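Colleague: Construct the complete structure from the given sequences, taking the supplied hints into account.
Here our numbering is used: position 355 in the sequence shown is 1114, and no number is missing along the way.
Take these hints with a grain of salt, some might be off.
What the hints assert, rightly or not - With a Cα cut of at most 25 Å, we get these calculated DSS-like pairs of lysine-lysine: (1) K1234 to K1247; (2) K871 to K952; (3) K1054 to K1018; (4) K1234 to K1245; (5) K1077 to K972; (6) K1234 to K1208; (7) K1054 to K1044; (8) K1208 to K829; (9) K1001 to K1234; (10) K1245 to K1208; (11) K1050 to K1018; (12) K829 to K1245; (13) K822 to K1077; (14) K1018 to K902; (15) K1001 to K1048; (16) K1178 to K1245; (17) K871 to K945.
Just so you know, these hints were derived from the structure itself, not from any lab.
Predicted model only: the values in this text are computed from it and were never measured.
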Amino acid sequence: MTKTTQTLILSALTIPTFALTAVAASAERPNILFIFADDHCTQAISAYGSNRIQTPGLDRIAKEGKMFWKCYVTNGICGPSRATIQTGKYSHKNGFLSNGNQFDGSQQTFPKLLQAGGYQTAVIGKWHLGTTPQGFDYFDVLKGQGPYYNPPMLTDVGAAPSEAINVSHTGYTTHIITNKALTWLKEERDEEKPFMLMYQHKAPHRNWQPGPKYLTMYDDVEIPQPETLFDDYEGRTQGAAKQTMSIEFSLSATDLKLKAPNNLTPEQRATWDAAYDPKNAEFEKANLKGKELIKWKYQRYVKDYLRCVKAVDDDIVKVLDYLDEAGLAENTVVIYSSDQGWYLGEHGWFDKRWMYEESLVTPLIVRWPGVIEPGSHDRDHITSNLDFAQTFLDLAGAEQPADMQGASLVPLFRGESPKDWRTTFYYHYYEGLGRAHNVPAHYGVTDGKHKLIHMYQYGADWELFDLERDPNELKSEYDNPEYSAKRKQLEAEITRLRALYEVPDKDPVGTKKPKSPKKLKGKKPAEEKKEAA
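Modeller: Written out as C-alpha cells, the structure reads:
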C-alpha cells in the first residue's frame, strides 16, 4: 500500500463526500499531466476574473478543480523557474540563477525519482534549460526559446541523450507541441504504467506571434487598459523608473509587428501580410504621440499576447477532450501553471522579474477528480513553484527527499489546512542591472498582506507595501513610522528565511557546471520532417 493510499483511507471519515470516490481508486496511482505556459499571467485567464479574454479551456479545469490565488515564484524569470520545478530547490541551491546558465542535469530531479518509482516520464515543448533533458523516457523539445513558426526541435531516439536528433517542422509551434503531446498519449505511452507528461508551451512569450487563424482576432475590439498604464513611478525607489520594459519606450518594431518574422513560408507570409499590412499603414498615417501613442502600442501588444493565449487555450480543450474519450480523465491529475506572472500593461510595462504582484503571482489551477472539490478556491494558503516537485512525488506515492525546500500541495488539494503551512514567502531575483530590462537584483518577503523588498544592487534601497491598502504597490511605506513595527517584523522574517533556505550572504557567481556537460544540441542530422499545424 502506498503512502498516498494510507493517507486517503485514514482520512476517509473526515474528508468531504466528493472525495470518497478517491479511496476506491487509490490503489491505482494517478497519471500526472503538467500543462505549462511561458509568461502567462492570471490577468489573461477569465477564471481569475480577467476582463480582457475568455479562456474556456482553463476555465474548465477551474470549474472541475481548484484555483490557487497566491502561488508565488521563487525567481521570476523563465529558466530559473523551470530549474526550481525540476529540483524543488531555490536558485542558489540548484545552480540556475539566471537565463543563460546551463542546468546541471546530473543532480536530483523529480522526473528521475518518478522514473525510479515506476512512472513513465515525458517532456514535450519548451525546455529552455540549456542542456539535454534527463530523467525522461521521452523528450521532444524546442531548441532554446524556439520560434512561433516552423520550429526545429530536438528529440531522443530511445537511446542515450547524446543521440538527440534535430527535426524540422512546418506549422505553428503551439499546435505542433499539442499534436506531439496527443500523439504521445495516444500511441507512444506505456499503458501498463502511470505517466507524468510535461506539456509545455512557448506561448505567450515575447514577441507574441499569433497563429494564422488568430491574426485578426480582436481587430474590432478595444482591450481594457490597466489603471496603472500611465504610472509615473513616484513613491518607489529608483529601480521602477530605470527599468527598460516600458510599453512607451522598450517595444521593438518586431514586437509591434511593424516587421514580419523572417522564418515564414511564402504561404504563411501572405497570410501574415494580409492581417498586419493594412493596420501598419493606418498607424503610419495616424502619426500618434504621447499618451495616444502609448495607448496604440498597448492595444497592439496586448492583442497579440491574447491571441497567443487563445491558441494555447483552444489546444488545452483538445487535450482535455482526449482524456475524456480515452477514459483517462478520472485518474489523471491535471495541473496548469506558468513560469511566473507577467505585466499586461500594469505600471506601463511588459515582461516580469520584479517581486511586485503581477510577476510574483503565477497561475495554478488543478483538477483531480474525486479528490479536489469542483469549483473550489484557495485564496489564503501561500503556494509556490517550489512545491511542485514534492507534489508530483506525493501524488505518485514516492518519498519526498529531505533536501527539497518546498512542501507537497496534496493536502491543500484535499481541502486540508496543515497547521505548519508557510505564512511568509522568500523571493530572490539575481540577473540584475545591465541585463535584460535593467531590473536590479533584489530579494524580499511577503505574508500576502505586506511585502518588504530590498533592491540591494542599489545599496540601501528598500520598499514596503501594504497590499490591502495599496494593491497596485504605488507607494512604499518603508519610511512611514506607522509601519515601523511591520517593517521590523518582516526584516526579521527575511533573516529567518535566508537562514532556513541557506541563502549565501554573497550572491553565487555563475552556476554549477554539469559534471558531464550535455548541451542541448542535435548530434546527428535528420531528414527534414514537415508537420502541418
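Colleague: Please go over all the hints and tell whether each is borne out by the structure.
Modeller: Verification of the supplied hints:
no.: 1; hint: K1234 to K1247; in the structure: 18 Å, holds
no.: 2; hint: K871 to K952; in the structure: 15 Å, holds
no.: 3; hint: K1054 to K1018; in the structure: 20 Å, holds
no.: 4; hint: K1234 to K1245; in the structure: 16 Å, holds
no.: 5; hint: K1077 to K972; in the structure: 16 Å, holds
no.: 6; hint: K1234 to K1208; in the structure: 15 Å, holds
no.: 7; hint: K1054 to K1044; in the structure: 16 Å, holds
no.: 8; hint: K1208 to K829; in the structure: 11 Å, holds
no.: 9; hint: K1001 to K1234; in the structure: 17 Å, holds
no.: 10; hint: K1245 to K1208; in the structure: 11 Å, holds
no.: 11; hint: K1050 to K1018; in the structure: 23 Å, holds
no.: 12; hint: K829 to K1245; in the structure: 20 Å, holds
no.: 13; hint: K822 to K1077; in the structure: 17 Å, holds
no.: 14; hint: K1018 to K902; in the structure: 23 Å, holds
no.: 15; hint: K1001 to K1048; in the structure: 22 Å, holds
no.: 16; hint: K1178 to K1245; in the structure: 23 Å, holds
no.: 17; hint: K871 to K945; in the structure: 23 Å, holds
In terms of the numbered hints stated before, the structure departs from none.
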